[in-house]
Amino acid sequence: MVTNQAGLKRNGVQDFVTLRATAFIMTAFSLYMAWFFISTPTVTFEIWQGLFASTGMKVFTAAALVSIMFHVQIGLWQVLTDYIKPVRLRAVMQYVLNIIAFAYMAYGLFVLWGV
Amino acid sequence: MKVFQNFDVLKQSLIKVLQVTVVKKQRPVNLQLNTISFPPSAIASILHRISGVGMFVAMVFIIWAWATALNSSEGFDLVREVMGGIIGKIITIGTISLLIYHVIVGIRHVIMDMGHWEELKAGNTSAIVSFILWAVSTLVVGVVLW
Ligand code: HEM
Ligand code: HEM
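Protein sequence lines, in the order shown, are assigned to chains A and B.
If you want our numbering, it's the position in the first sequence, counting the first as 1, plus 194.
Take the second sequence: its position 136, counted from the start at 1, is 134 in our numbering, and no numbers get skipped.
The set of hints was computed from the structure by calculation and includes no laboratory data.
For every residue, glycine included, the Cβ atom is placed at its ideal position computed from N, Cα and C.
Some hints here could point you the wrong way.
As the list claims (entries may be wrong) - What the simulated footprint calls covered on chain B by chain A, stretch by stretch (three residues with Cβ under 8 Å from a Cβ of chain A suffice, anywhere in the stretch; the number is not a length): (1) 49 to 55; (2) 100 to 112.
As the list claims (entries may be wrong) - Some chain B residues near chain A, calculated using beta-carbon distances under 7 Å: (3) Ala65; (4) Leu68; (5) Ser71; (6) Phe74.
Start from the sequences and build out the full structure, keeping to the hints where you can.
Shown next as structure tokens:
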């Protein structure tokens, strides 16, 4: 039987697809933001808030935030699995990093809803 | 048949000897970094990892700036002021540069997943092209934002 690495069970195929699907969403979001900054002569508070006030942009931003969380959880798992050999230490580090990733997303959604 | 059985025993003991002497005892360890060469594709790969981890660290700045600028007019002015300072500019340009690199090499990675540019030469060429694209776009962003 394959030993389950640190009890952090992952499905390779699912991770592969998720990593790339989230990468696509984040790339689209980055390009849109870049376009916003390039096409807006002067970014003011009103314009900045107005950007995230529409429902479409809220959904887009929320999708990007959720994507970052999943992408980073898988990506950092790959990195930790390569470099951190003690199983318990790796489990603890993964746990902490996952919580940070979740906190970013939760805080982002919280702010987004307040706009 | 006996011959074959003996042969099998011989083979097994040979493997044992090999395992003990070669695999377990005398496995060569090459830690002399100057004797290992790093082709462009290997550099592209490790920098992709570094840029990914770097962005995870930079997330705290990105989320802070984005949320603070969104929460209030005062916050927006603060972020603008901070982004106009020298540290702010370095963090901003650095973060954008990491993102550009990660996306360019990430797209190269996905193209290679689909079976293209997998030969040694094509892999190194696409890595060098990625470096050039990254350098040029970072330069443009750097000049515009500084
Ligand atoms: C992930 C976060 C961000 C990225 C990737 C980003 C990227 C950029 C880029 C590429 C430009 C250059 C565009 C241009 O000058 O034509 C720019 C300009 C600018 N950014 Fe950001 N930015 C980010 C966050 C922010 C935030 C949160 C603010 C708000 C306080 C902000 C305020 C500005 C301003 C005022 C300019 C100058 C625009 C101009 O003068 O045309 N940026 N940003
Ligand atoms: C906040 C943004 C992002 C962060 C923090 C991030 C972080 C990471 C990390 C830590 C890894 C693992 C690296 C490794 O295993 O060597 C990774 C892998 C990857 N990232 Fe990102 N990433 C981000 C955005 C993106 C974007 C926008 C793309 C779009 C092209 C992308 C494409 C990829 C790909 C294709 C991989 C897989 C590489 C592999 O399997 O070795 N990432 N990312």
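inquiry  = So, against the hints stated earlier in the document, which numbers end up violated here?
reply    = none
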